[in-house]
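Residue numbers for the sequence shown follow full-length UniProt numbering, so the first one is 1 and each next one is one higher.
Source of the hints: derived by calculation from the structure; they are not laboratory data. Being a predicted model, the structure only gives us computed values, none of them experimental. Keep in mind that the hints are not guaranteed to be accurate.
[To be verified] Computed beta-carbon distance windows for the label pairs: (1) D60 to D98: 18 to 26 Å; (2) G108 to D69: 22 to 30 Å; (3) S82 to P3: 17 to 25 Å; (4) E72 to S1: 35 to 43 Å.
[Said to hold, decoys possible] Distance condition first, Cα-Cα at most 20 Å in a straight line; then the derived SDA-like pairs of lysine to any residue: (5) K111 to H61; (6) K75 to D98; (7) K118 to D98; (8) K113 to E77; (9) K113 to G74; (10) K111 to S51; (11) K113 to G54; (12) K32 to S1; (13) K113 to S89; (14) K113 to P92; (15) K32 to T19; (16) K118 to K32; (17) K118 to E86; (18) K75 to V93; (19) K113 to D60; (20) K118 to W90; (21) K118 to P22; (22) K113 to A83; (23) K113 to L56; (24) K111 to S1; (25) K113 to G99; (26) K32 to G5; (27) K118 to D100.
The C-beta atom is built at its ideal place from N, Cα and C for all residues, glycine as well.
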Amino acid sequence: SCPDGYQLWRGICYKAFDTREPFNEAAATCRKDGGTLAMPRDAETNAFLSSLYGSLREYDHRFYIGLQDQREEGKFEWADGSALGEYNSWTPVELNGDGDCVVSVASGFWKEKWYNFKCDMSFGFVC
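Modelling step: build the complete structure from the supplied sequences, incorporating the hints.
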């Protein structure tokens, strides 16, 4: 079973957070609950996270996921330290190439797509 406020999906507990925080603070919030920022390693999980976050917030559709390249530019790592791997959902154009932290989009034109932002920008997030 999952901690309070978390939802079980494919054996992993997830929770969308409505509070906007910079990437590292968002990651710390997840750690306090014993988890990490969510790691959508396949299209189904990615779609689930978008619907989970989208149900929470109508007007700001962007949220942090557990993916970043702060250590080495262009080398994206998941929150558990593993490499990005085969699956990704980047927008066709890199909208913010100078950012190291990855935001997913819950709805609208770029629904379920990712793009990178500066890590000090505050967004909602999913653990």
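Hint check results:
1. D60 to D98: 18 to 26 Å: holds (21 Å)
2. G108 to D69: 22 to 30 Å: At 25 Å between Cβs, range holds.
3. S82 to P3: 17 to 25 Å: holds (23 Å)
4. E72 to S1: 35 to 43 Å: Because 38 Å falls inside the window, the suggested range holds.
5. K111 to H61: holds (9 Å)
6. K75 to D98: Status holds; Cα separation ~13 Å.
7. K118 to D98: Cα-Cα ~7 Å, so holds.
8. K113 to E77: Satisfied, since the Cα-Cα distance of roughly 17 Å is no more than 20 Å.
9. K113 to G74: holds (18 Å)
10. K111 to S51: holds (10 Å)
11. K113 to G54: holds (13 Å)
12. K32 to S1: holds (18 Å)
13. K113 to S89: Since the Cα atoms of K113 and S89 sit roughly 5 Å apart, the hinted pair holds (cutoff 20 Å).
14. K113 to P92: holds (9 Å)
15. K32 to T19: holds (15 Å)
16. K118 to K32: violated (23 Å)
17. K118 to E86: violated (24 Å)
18. K75 to V93: The given pair, whose Cα atoms are some 18 Å apart, holds under the 20 Å limit.
19. K113 to D60: holds (14 Å)
20. K118 to W90: holds (16 Å)
21. K118 to P22: Roughly 9 Å between the alpha carbons, so the hint for K118 and P22 holds.
22. K113 to A83: holds (19 Å)
23. K113 to L56: holds (18 Å)
24. K111 to S1: It is violated: about 29 Å lies between the C-alpha atoms, which goes past 20 Å.
25. K113 to G99: holds (15 Å)
26. K32 to G5: holds (14 Å)
27. K118 to D100: Within the cut-off at roughly 6 Å; holds.
Against the hints set out earlier in the document, violations occur for numbers 16, 17, 24.
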